[in-house]
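Trainee: Next come the chains, spelled out residue by residue.
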Amino acid sequence: MKTIRNRKGYDLPISGEPSQDVAASIRPGRVAALPERIPFIKPRLQVKEGEAVQIGSILYEDKRNPAVKFLSPGGGHVTKIRFGKRRVIKEIIIDLDSQEKKIGFNPWPTSEIGAVKRSELVKSILNGGLWGLFRELPFNDYPDPDSLPSAIIVSLDSKEPFQPSPKAYLDARHDLLNDGIRVLNRLCQTVYVTTTDKYAPSQQWKNLTTHQVTGPYPAGDPGVLLYHIKKSSKDNRAWTISGQNLLLLADLMINGHYPIERTIVVAGSGTPTPQHITTRIGVPLTQIAGNSETAVTGKRYIAGGVFNGYRSRADAYLGFLETSLTILPEGDSREMFGFARPGLKKPSHSRAFLSALSTAQQPMDCGMHGELRACVNCGYCADVCAVDILPQFTLKSILAGEVEEALAHGLLDCVSCGLCTYVCPSKIDIQAQLKAAKEAYYKEIS
Amino acid sequence: MHFIQKQFDKYRKHFEPGGRLSLLYPFFDATETFFFIPGHSTQQDAHVRDSLDLKRYMSFVLVALAAPLLFGIYNTGYQSNLFSGQSTAIIPVMLRGLRLVLPIILVTYAVGFFWETMFATIRKHPISEGLLVTGMLFPLTLPPTIPLWQVAVGISFGVVIGKEIFGGTGRNILNPALTGRAFLFFAYPGNMSGDPVWVAVHQAKETVVDAMSMATPLAMAKLTGPGDSIETMLMQADYSFMKLFGGLYPGSIGATSALLCFLGAGLLILVGIASFRIILGGVIGILSAGLLLNLLAGESSPAWFGLNPVYHLVMGGAAFGIAYMATDPVSAPGMNASRWIYGFCIGALTILIRVFNPAFPEGIMLAILFMNLFSALLDYIVIKIRLNKRIPNV
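Those protein sequences? They're chains A and B, same order as listed. Residue numbering for the first sequence follows our numbering, starting at 1 and increasing by one per position. Residue numbering for the second sequence follows our numbering, starting at 447 and increasing by one per position.
The reader is advised that the hints may include incorrect statements.
Ranges between beta-carbon positions, derived for each pair [to be verified]:
#1 K570/B <-> R64/A: 38 to 44 Å
#2 K90/A <-> I837/B: 36 to 42 Å
#3 N207/A <-> I730/B: 48 to 54 Å
#4 Q189/A <-> G712/B: 53 to 59 Å
#5 K80/A <-> R832/B: 50 to 56 Å
#6 K835/B <-> G50/A: 56 to 62 Å
#7 D97/A <-> I837/B: 34 to 40 Å
#8 L833/B <-> R182/A: 51 to 57 Å
#9 A314/A <-> K570/B: 35 to 41 Å
#10 K90/A <-> F480/B: 38 to 44 Å
#11 N834/B <-> R86/A: 51 to 57 Å
#12 L833/B <-> A340/A: 39 to 45 Å
Example chain B residues on the side facing chain A (calculated, C-beta under 8 Å, incomplete) [as the list claims (entries may be wrong)]:
#13 S487
#14 Y503
#15 G718
Hints are computed from structural coordinates only; laboratory data are not their basis. Note that the structure is predicted; figures quoted are calculated from it, not measured. Here a beta-carbon is modelled for each residue, glycine too, at the ideal position from N, C-alpha and C.
So here's chain A without its partners, still in its complex pose (with noise of 0.2 Å):
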């Protein structure tokens, strides 16, 4: 196992860790399925209002490639379909059936996946409606089936704040894991196998780890395990998968069904009692938030990580790709003379407050602390970059329009960590423009 050091980047002090305890939510009555979540894809629906649908029956279908599909959560009936603007997908709402009838699919036992070849395995994968666990770096979409990776890494935890840790979701399955990895093999022969610093780790999973990041956030991820071991522009196009869904994917392979079970997080100081939790793909989010007299108002539900995920309601649901349900409050009051106060319990990566003095842990909201400004060239975004992009150059190469210079600079080497958007004085939403350049990039290459 190889130690790589991340030197650059930051720990949030935000407070609101969740225990190590894993509880187990009730069963919801509906779930749902979120297409728009699903990063670039264009869906084709393949069920009505009304139709009756089985655990793993299929959804929809990506437009652009019809092979790569999504399969139902839940056994029982599509009641409503929700569409938002230009008709794009929202929600496929299920109701469940009191026994849900599940689809079954052919199992590979362990011993045969030696001997398989590699484009059964890869179909296995599509019709198990899996195929969209996979991200491709740089620009996260799930990748070409007919493409072949440099590597596939396969990260097991991450520091982003509030994600799962492995001991609550692997719970001894590390067999699975095993298995998943053989099948990774299959699919690509370099695989890769990270972790980072911030557990225990068990005997287990320590021999089947091949890298160990440690340093602060976001040592966790691939993203970063990538620019640190690519020996040349060959090894770029990697494939990623999260521990979670390898073993979910696992899961489908060697047993036969379509994995439902998720291992979540609800964190964070909206919410009572930070935990992780048992529940399935598309629960509703007012059944894992915790206290339900809780006030809604002035709370921001975000599904994801704090720097990653996307803003949430709580009448929403759970996706497809999303382990933790971060809950913050909103931070839109005002306060006086904000800019003068020694600012004790204010965290902050710079050392302009007396929050500087102590490393303890401090709640977090979503205010912006200030407003938007020209950029002053300070340095701090530069300062926290894990891949050793210069954000704020970057960020101008991109406004200016200069596609080629921002590509230089490293520009596809960016990982979305957030922390260049957050450590900025200027309140200027760098981590956003950088990537809707990368996507727009993208859209034109593809």
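Could you slot chain B onto chain A? The hints should help.
Mentor: The following block gives chain B in isolation, referenced to the frame of chain A:
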């Protein structure tokens, strides 16, 4: 607090689009955000943000300037009373200092704020906090005898030509306060240089003025003949090293005390607002250039050559320039390596101008403005070297 909040809420509708005073919205916004951090929440990625905002960032520079300002008021009043034969007790001195300095500061802020509001109104963007710092730096570099109308013209030039025509805060190539000062220096040299301008003599008793020389230490050093020692010359005029370090000598309003400037620089480095690379680079540049001249000194070389390099740091506005002017993040380079080079060159260039140029006793202002022009080039070179080492991702 709620009372103030209610007042703002009451008058907000006049300034919003459609109201009578909607053109002056930036003015209302600037006043409101002085009292309250606005209650915006994040709309795009990165749902949490750091507590540091640009207002606090700029305010720290003002905090670091407080000591030079207060001492500058004291020193201005002290020199004025000393050379006028008046009492040098603390209360009369502070009153005289306030009488000399406050009008300059008020005019600077008023005129600067006027221009900022006008540009913000026409361009429809919020008034930025850059003026807070520029408006405090500019008066501290002026002689106390400057006429107020020249102050107004100078700050106008600095804000408009030095900053606004480039696009406002964050887009200027030159330091706005120094641009204003350089304009005054070249446009009104009679009020900006020469011995009489640095002390505000008033109601002088005839004999007192003749007896003492009002020359600044730099001017005295310029007049020293070859082969003489500048240090002894300064000692004869009662300027020991300690006095020069402390700042109790005639000079610009706030830039005389190297001690307070370095303390302020230390504070800014401590809180991470100013780049220590520029400041250290500047100090090393000054000391290196001074040492180099020491090595080249001979019997008949000019007196400057033999001067102890540390004296260069404490005489004139070098310490002030390095601590506050050179560290302006917008006009300084953005890369760490180029910041070292930038600081070093400013320091070295200051010495060269002081020693070899007969027209300028003080070189820091021109050195900083000159290196400002090179910031982009230094960054370009450093970035190019850095990017060549990246493995391309395309």
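Trainee: If you check each hint against the structure, which ones fail?
Mentor: Hints 7, 8, 11 not satisfied by this model.
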